[in-house]
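Q: For the record, the sequence lines run as chains A and B.
For what it's worth, this note's numbering labels the leading residue of the first sequence as 1, then goes sequentially.
For what it's worth, this note's numbering labels the leading residue of the second sequence as 1, then goes sequentially.
Heads up, some of the hints might be wrong.
As the list claims (entries may be wrong) - Label-pair restraints from in silico Cβ distances:
1. 70/B with 620/A: 47 to 55 Å
2. 652/A with 7/B: 45 to 53 Å
3. 70/B with 639/A: 30 to 38 Å
4. 55/B with 630/A: 46 to 54 Å
5. 53/B with 629/A: 31 to 39 Å
6. 636/A with 52/B: 44 to 52 Å
7. 643/A with 32/B: 20 to 28 Å
8. 636/A with 24/B: 17 to 25 Å
I should point out that these hints are in silico values taken from the structure, not numbers from a laboratory.
Backbone N, C-alpha and C define an ideal beta-carbon position, used for all residues, glycine too.
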Amino acid sequence: MSATTSAWIALALPLVGSLVIAFGWRALPGRTAGLVGTGALALSFVFSVITLFALLDHPVEEQQLTSSLYDYASGLGIDIQLGILVDPLSVLMLLIVTGVSTLIHVYSYAYMEGDAGYRRFFSYLNFFVFSMLLLVLAGNFVLLIVGWAFVGFASFALISYWYRRKSATKAGMKAFVINVIGDVGLVLAAFLILRELGTVDYLTSFEAAREEFSVDQGSVIAICLLLLIGAFAKSAQLPLHTWLPDAMEGPTPVSALIHAATMVTAGVYLIARAHPFFELAPTAADISAVLALAGLIMAATIACVVTDLKRIIAYSTMSQIGYMVMGVSIGAYTAGMFHLMTHAFFKALLFMAAGSIIAAMANNQDIDRMRGFRKAMPVTSVLLIIGALALAGFPGTSGFFSKDEILAYAAERGGFYTLFEIGGYVAALLTAFYSFRIGFRVVAGKPCEEAKELEQGHMAHADPVNPATGEPEDTDVGYPGPEHHIAERAKPMAAAMGILGVLALVAGFIQVPGVTAVLEHFLEGSFEDSELFAIHPSVGHAWFGLLIGGIISVVGIAAAYVAYVRRPGITLDLRQRFGRIHDFLFARWYFDELLDFLVYKPVVGTGRFFNRVFERYVVDGLVNGAGGIVRGAGQIVRGAQSGFVRAYALLVLGGFAALGLYFLLVGA
Amino acid sequence: MDITWYLVLSALLFAIGAGGVLLRRSPLVILLCLELMLNAGNLALVAFARMNGNEEGQVFALVVMVVAACEVVIGLGLIVAMYRRRLPLNVDDLRELRG
Chain A
1 MSATTSAWIA LALPLVGSLV IAFGWRALPG RTAGLVGTGA LALSFVFSVI TLFALLDHPV
61 EEQQLTSSLY DYASGLGIDI QLGILVDPLS VLMLLIVTGV STLIHVYSYA YMEGDAGYRR
121 FFSYLNFFVF SMLLLVLAGN FVLLIVGWAF VGFASFALIS YWYRRKSATK AGMKAFVINV
181 IGDVGLVLAA FLILRELGTV DYLTSFEAAR EEFSVDQGSV IAICLLLLIG AFAKSAQLPL
241 HTWLPDAMEG PTPVSALIHA ATMVTAGVYL IARAHPFFEL APTAADISAV LALAGLIMAA
301 TIACVVTDLK RIIAYSTMSQ IGYMVMGVSI GAYTAGMFHL MTHAFFKALL FMAAGSIIAA
361 MANNQDIDRM RGFRKAMPVT SVLLIIGALA LAGFPGTSGF FSKDEILAYA AERGGFYTLF
421 EIGGYVAALL TAFYSFRIGF RVVAGKPCEE AKELEQGHMA HADPVNPATG EPEDTDVGYP
481 GPEHHIAERA KPMAAAMGIL GVLALVAGFI QVPGVTAVLE HFLEGSFEDS ELFAIHPSVG
541 HAWFGLLIGG IISVVGIAAA YVAYVRRPGI TLDLRQRFGR IHDFLFARWY FDELLDFLVY
601 KPVVGTGRFF NRVFERYVVD GLVNGAGGIV RGAGQIVRGA QSGFVRAYAL LVLGGFAALG
661 LYFLLVGA
Chain B
1 MDITWYLVLS ALLFAIGAGG VLLRRSPLVI LLCLELMLNA GNLALVAFAR MNGNEEGQVF
61 ALVVMVVAAC EVVIGLGLIV AMYRRRLPLN VDDLRELRG
């Protein structure tokens with residue numbers, strides 16, 4: 001089977017799964033929907049692997065395969081196809097997305113068991129993965145936009161999945177609106193590319209760009225900045241990130257899917273995919289890297305203070321995506337994609353562990369209330385610690401190698417780019433601290449009530465209440481209700497987490513400086529034309545970076561150990577002494593308020609002005625005025641319509657007489 | 001004979017017809033008067049045709065007759081329908097279409 005055929009099949013399977021579940025719901029009793037969804041994804045992963053091997057059969061310079069089902073628009077020099085591009089980059093994404101999504105499906109199969117909306121959930125979930133695959137495999141910018149927008153919709157549907165919850169629908173809308181802003185940026189970018197280069201196909205437009213554009217020419221910078229709007233909105237980077245923490249309103253597997261396998265990685269992929277543009281516009285690439293660095297540090301500081309378990313992980317995602325965006329922006333494509341891959345493993349693992357704990361806590365997500373789950377939930381605890389280790393970049397784990405490779409690359413480029421290395425290490429310290437803030441809070445210490453109950457074999461069942469607003473949950477429409485599922489008891493959940501745990505530990509070894517460079521060689525087919533790709537940090541330098549990274553990670557973990565295990569009072573002291581800073585961080589840098597002030601209020605104010613003044617006086621005046629003129633004229637003529645036939649006849653005759661008289665006079 | 005006399009007669013007939021249409025209330029009489037007006041027109045057409053020595057005017061007159069016949073068919077149909085529905089046969093009372 002050729003690589004493109006199997007890629008098409010891998011793309012089609014989740015769509016088929018979604019449709020079968022959505023329209024075959026009568027014929028799918030009980031948990032069958034979960035089996036169908038998971039099966040479709042697992043098959044899709046199998047075909048992704050087949051694609052990988054088919055692609056590896058080609059020599060490196062022929063590893064960019066395209067295939068088109070039909071021409072969507074052709075003529076007038078425009079050529080838009082329903083076509084895919086199979087190259088190492090898209091195949092890597094294909095493998096990550098289908099692989100991690102399959103595990104998330106397996107996990108959801110058990111986790112969502114008590115939910116009344118089980119089938120709806122799996123149909124959405126499959127559609128989400130399909131959208132992401134479409135985005136990844138698209139062979140031109142138009143199809144990319146289709147996948148891009150589908151992902152936005154799917155996230156909206158899943159974030160507001162518990163739609164009787166006001167906070168959930170609100171969060172869904174927020175995510176959707178910010179994503180649409182990104183979509184607009186992307187559409188404009190596609191228009192600009194079409195205008196400047198006359199094509200939207202990836203390969204031809206990249207080739208044309210190299211001939212048409214000079215370095216840092218205005219139009220190529222504009223294209224890159226517009227692409228960045230799309231990438232930053234989808235990947236929750238600095239100005240457009242506020243939807244991500246709110247998106248925690250969706251069920252936990254959804255959070256795992258959004259954060260690990262789909263959605264937020266799209267921006268990283270887009271920048272890597274459009275690297276020929278970014279290399280022609282170093283200014284735009286630098287802007288992107290600086291913003292990513294700022295967001296990376298900001299998110300890490302916030303993650304050190306917020307108390308909602310899932311939000312800490314959400315901010316950590318924003319921070320880690322910052323590393324990736326920074327990486328692909330400065331040219332560290334392999335390192336960026338490598339970190340994307342390892343992050344997918346350990347972040348999905350962290351979310352799954354969090355889901356298991358939240359279920360045991362009867363939906364309470366406040367880490368101040370969690371304590372001492374190590375005896376009650378040994379499996380979850382071990383896996384959570386593994387996830388936290390990988391996130392913290394503990395020596396030997398996957399996050400250790402991938403994050404430090406980005407920083408080593410930044411150091412290698414030198415000069416201005418050293419800034420990114422320093423910033424990256426600062427954020428790494430914070431990362432190590434907050435990841436073990438989660439770890440120690442949840443696992444260590446004296447067991448809390450829920451943990452004690454669980455040790456005796458009972459589970460705490462609270463009435464389901466929305467933690468954000470305190471209103472009771474509506475279990476009719478698909479809220480899990482009192483039936484919770486935890487990894488200790490549900491085999492599929494434990495299995496999915498176990499596989500991810502192993503991957504989070506060992507995946508880093510495919511790309512150890514000086515030893516292995518599997519990913520580097522594999523991605524060569526996509527980046528062989530890039531000069532930046534050819535830059536390699538020297539082995540000694542890379543190992544020096546790894547050493548520093550390892551020390552920083554251990555220091556951060558030690559700090560967390562002191563703060564949360566040895567002397568638990570210390571954090572309270574700090575909070576009191578630096579109350580202002582704490583409040584500032586806890587309020588998430590007042591970013592929501594800032595956006596509210598800068599964007600929301602002016603927009604709504606303008607809207608109100610137009611509604612009250614412009615609409616009422618100008619538009620209404622014009623419309624009603626036009627109506628009034630016609631009505632007034634009608635009023636005048638109405639008198640003539642007496643209905644007397646003879647009066648009409650008289651008018652006709654009189655008119656003819658007048659005409660005749662006129663002609664007689666003129667003629668005379 | 002001078003054409004003037006024909007035209008005078010035609011004008012007289014037309015004026016009588018027009019007066020009838022304007023003054024009478026019965027739809028039947030109005031129809032009759034309309035016929036009178038049309039025939040006044042026909043007379044003038046035929047007279048002009050003779051004066052110019054060709055047949056075009058005569059053909060026009062034939063066309064007018066056809067139109068008149070159609071008009072009568074419809075008019076009488078309406079009148080019969082009104083009678084059936086026991087509506088007054090008085091055009092001043094039939095003014096449903098006033099504005």
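Q: Would you mind marking each hint as holding or not holding in the structure?
A: Status of each hint after checking the structure:
Distance hint for residue 70/B and residue 620/A: a CB-CB separation of about 51 Å, consistent with the stated range 47 to 55 Å. The hinted range of 45 to 53 Å is not satisfied by residue 652/A and residue 7/B, whose Cβ atoms lie roughly 22 Å apart. For the hinted restraint 30 to 38 Å between residue 70/B and residue 639/A, the CB-CB distance of approximately 33 Å keeps it satisfied. In this structure the supplied range 46 to 54 Å holds for residue 55/B paired with residue 630/A, their Cβ-Cβ distance being about 50 Å.
At roughly 56 Å, the beta-carbon separation of residue 53/B and residue 629/A lies outside the given 31 to 39 Å, and the hint is violated. A C-beta distance of roughly 46 Å is found between residue 636/A and residue 52/B, which places it inside the suggested range of 44 to 52 Å. Checked against the hint of 20 to 28 Å, the pair residue 643/A and residue 32/B passes, with Cβ atoms roughly 22 Å apart. In this structure, residue 636/A and residue 24/B break the distance hint of 17 to 25 Å, their C-beta atoms being roughly 30 Å apart.
Hints 2, 5, 8 from the earlier list are contradicted by this structure; the remaining hints agree with it.
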